[in-house]
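Undergrad: Sequence:
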Amino acid sequence: MQENENSDVRVLLHHTSMKLQQDILLKLGPLDRLSAALTCRQWAELTSGSSLLRDVVYRIRESTREESAPRIMMQSRREYRNLEVKQGGDLGLGPKLEAPEDTNLDKVRQSSSRIRHLSLKDMAMSEKGLETLLKCLPNLTSLSLFRFAADADLRGVLRSLLNSKQNYMRLRLHNRNTDFTVGEIIKKNAGTLLHLSVFGVTQDILDAISTCGKLKHLRLAEDRKFVRDSHIRQITLTAPNLEYLAVDSRKVTQAVFEQVGVLKMLRDLSVAPRLRPESIRHLGSIRTLQNFKQPVPACDLETLRPLANLRDLRSLRLGEAEWTPESFEWIIENFQKLEQLYVTSYRLRDCDGEKLHLLKNLKQLTILDASGLTDHTFERGLGPPELREVHIHHAPLTDVGLVCMVTRHTSLRILGFTDCQRITDEGLIFLLRNQPRLRVLIVPSTNITDASLRELENLCPHLEFLEGSSRMTKDALLSFSSQRPSVELYGA
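Numbered by full-length UniProt numbering, the letters in the sequence shown go through residues 1 to 492 in order.
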């Protein structure tokens with residue numbers, strides 16, 4: 001059974017009364033009925049285990065606090081591995097994660113023993129609060145602290161992290177204010193760290209990174225003034241097994257593209273400077289590269305040909321340089337394994353849209369100028385049926401083309417239409433009724449109105465994020481938010 005068929009069955013049963021479900025089961029013979037029940041129990045046991053919950057995030061946010069999410073988690077038989085607390089949500093440990101006197105910490109610890117990954121976003125934390133929480137998660141291997149609230153005890157929080165008994169394989173520390181303690185935390189975990197992402201780089205942090213020989217994933221985020229070529233050179237010597245390197249620094253020069261050539265396992269590179277032709281040749285020699293997201297000086301064939309050796313490329317984004325019809329065709333023919341394609345500076349035509357079908361593995365497609373595409377392209381589909389994510393800008397797409405596209409691509413998770421003025425509620429409502437797995441919907445600068453919003457209140461059960469149009473009223477958005485509090489509304 002296909003995934004969308006499974007989803008349809010689940011949604012059907014969810015909206016079917018118990019009495020009707022009983023009547024359906026009575027159509028089965030007694031032995032078949034008992035066999036079905038046994039199978040369901042076995043599936044329930046299997047899906048409650050930690051191995052089948054690896055990619056499931058238990059998310060607690062402010063809107064779920066009144067729904068006793070912590071109590072539900074502690075009473076559940078499901079062995080969750082991923083926990084996210086954001087926007088003021090709590091774990092029954094108070095607004096700064098400090099435990100009330102009547103909190104049964106042993107019970108919290110017992111229910112949380114399987115959790116390996118913790119993410120705290122937009123939280124007001126204290127030293128004691130984080131210390132208590134970390135003690136309740138003894139087997140934690142991954143921690144993300146993202147944007148502390150203004151009243152958080154930053155130094156205390158970092159001190160409690162430094163003093164914790166856990167050794168982490170993954171650390172993500174993103175906050176504008178930092179101090180030397182971050183470097184000490186990195187050093188403490190140097191023997192185990194595989195993934196590290198840091199916001200705001202200092203010399204202490206770079207010195208600490210030079211002790212992390214096992215790193216495979218490194219991101220130095222939002223640093224505009226500190227990291228230089230010499231630092232990148234030291235990182236490549238310290239961590240020769242790096243697979244992902246992202247550095248945002250205006251001090252890095254073209255020399256960095258030659259330096260990263262020593263990384264024999266590098267798959268993903270993102271650094272600040274715009275590529276020059278000689279640098280493109282250096283990157284073209286790194287045959288392991290799978291993700292190319294560097295701005296290039298031009299997108300003509302002469303500039304791009306040095307990349308021909310990157311036969312394993314899965315994601316391509318070339319910045320704002322103008323593509324040519326010849327370069328677009330060359331890209332499609334040479335990079336058949338592409339899963340993500342960003343067409344940023346090229347006005348696609350219908351004849352180009354037909355070429356997208358050659359990319360059999362394409363999962364994500366972004367077209368920033370679709371003004372040259374007619375309904376004909378959308379009627380044939382934008383590539384393989386298995387597309388998961390589509391972003392279309394400035395397309396003269398009508399409801400007819402939209403309906404055909406939705407019929408061909410039945411497994412969409414993320415969908416964005418920006419400045420597509422000819423789409424109406426009729427077309428979008430058809431889409432919503434036929435995309436039960438949709439998680440993100442983006443429709444700014446369109447003519448979509450409250451009618452679609454009202455329909456959406458009872459559709460797309462997996463929806464997590466919505467950016468509506470200016471024609472949606474404030475009252476309709478408030479109504480939707482009250483009906484679907486778990487959906488994040490952008491600009492509402």
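Honestly, the hints are just simulated from the structure, not real lab data.
None of these values were measured; they are calculated from a predicted model.
Hints may be right or wrong, so weigh each one.
[Unchecked claim] In the BS3-like style, the derived pairs of lysine-lysine whose C-alpha atoms are separated by at most 27 Å in a straight line are:
#, residue 1, residue 2
1, 264, 293
2, 225, 128
3, 214, 187
4, 293, 187
5, 251, 216
6, 187, 216
7, 216, 264
8, 251, 264
9, 225, 121
10, 187, 225
11, 188, 135
12, 19, 86
13, 165, 225
14, 264, 214
15, 165, 293
16, 188, 165
17, 188, 214
18, 188, 293
19, 187, 135
20, 86, 214
21, 363, 337
22, 135, 165
Undergrad: None of the hints should be skipped; say for each whether it holds.
TA: Hints, one by one, checked against the model:
At most 27 Å may separate the alpha-carbon atoms for a hinted pair to count; residue 264 and residue 293 meet this at roughly 18 Å. Note on residue 225 and residue 128: the hinted pairing is violated, with a Cα-Cα distance of about 34 Å set against a maximum of 27 Å. Of the pairs offered as hints, the one joining residue 214 and residue 187 holds, with about 12 Å between alpha carbons and a cut-off of 27 Å not exceeded. Only pairs whose Cα atoms come within 27 Å are accepted, and residue 293 paired with residue 187 is rejected, the gap being roughly 30 Å.
At roughly 23 Å between alpha-carbon atoms, residue 251 and residue 216 fall within 27 Å of each other, so this suggested pair holds. At roughly 16 Å between alpha-carbon atoms, residue 187 and residue 216 fall within 27 Å of each other, so this suggested pair holds. Of the pairs offered as hints, the one joining residue 216 and residue 264 holds, with about 12 Å between alpha carbons and a cut-off of 27 Å not exceeded. Using a Cα cut-off of 27 Å, the hinted pair residue 251 and residue 264 holds, with the two alpha carbons roughly 24 Å apart.
Proximity of residue 225 to residue 121 is assessed by CA-CA distance (about 26 Å); at most 27 Å being required, the pair is judged to hold. A hinted pair counts as satisfied when its Cα atoms are at most 27 Å apart, and residue 187 with residue 225 qualifies at roughly 23 Å. Under the criterion of a C-alpha separation no larger than 27 Å, the hint pairing residue 188 with residue 135 is consistent with the structure, at around 18 Å. Between residue 19 and residue 86, the direct Cα distance comes to roughly 39 Å. Violation of the 27 Å bound is thereby established for this hinted pair.
A threshold of 27 Å between alpha carbons decides the hint, and for residue 165 with residue 225 the separation of about 34 Å lies outside it, so the pair is violated. Between the alpha carbons of residue 264 and residue 214 the distance comes to roughly 14 Å, so the proposed pair stays at or under 27 Å and holds. Distance restraint check for residue 165 and residue 293: the Cα-Cα separation of roughly 38 Å exceeds the 27 Å cut-off, and the hinted pair is therefore not satisfied. For the hint linking residue 188 to residue 165, the alpha-carbon distance of about 10 Å falls within 27 Å, and the restraint holds.
Between residue 188 and residue 214 the CA atoms are separated by roughly 13 Å; this keeps the pair inside 27 Å, and the hint holds. Under the criterion of a C-alpha separation no larger than 27 Å, the hint pairing residue 188 with residue 293 is inconsistent with the structure, at around 33 Å. Straight-line distance between C-alpha atoms of residue 187 and residue 135 comes to about 21 Å, which keeps the hinted pair within the 27 Å bound. Distance hint between residue 86 and residue 214 is unfulfilled; the C-alpha atoms sit about 30 Å from each other, more than 27 Å.
Using a Cα cut-off of 27 Å, the hinted pair residue 363 and residue 337 holds, with the two alpha carbons roughly 11 Å apart. Proposed proximity of residue 135 and residue 165 is supported: the alpha carbons are some 8 Å apart, at most 27 Å.
Comparing the model with each earlier hint shows violations of hints 2, 4, 12, 13, 15, 18 and 20; every other hint is respected.
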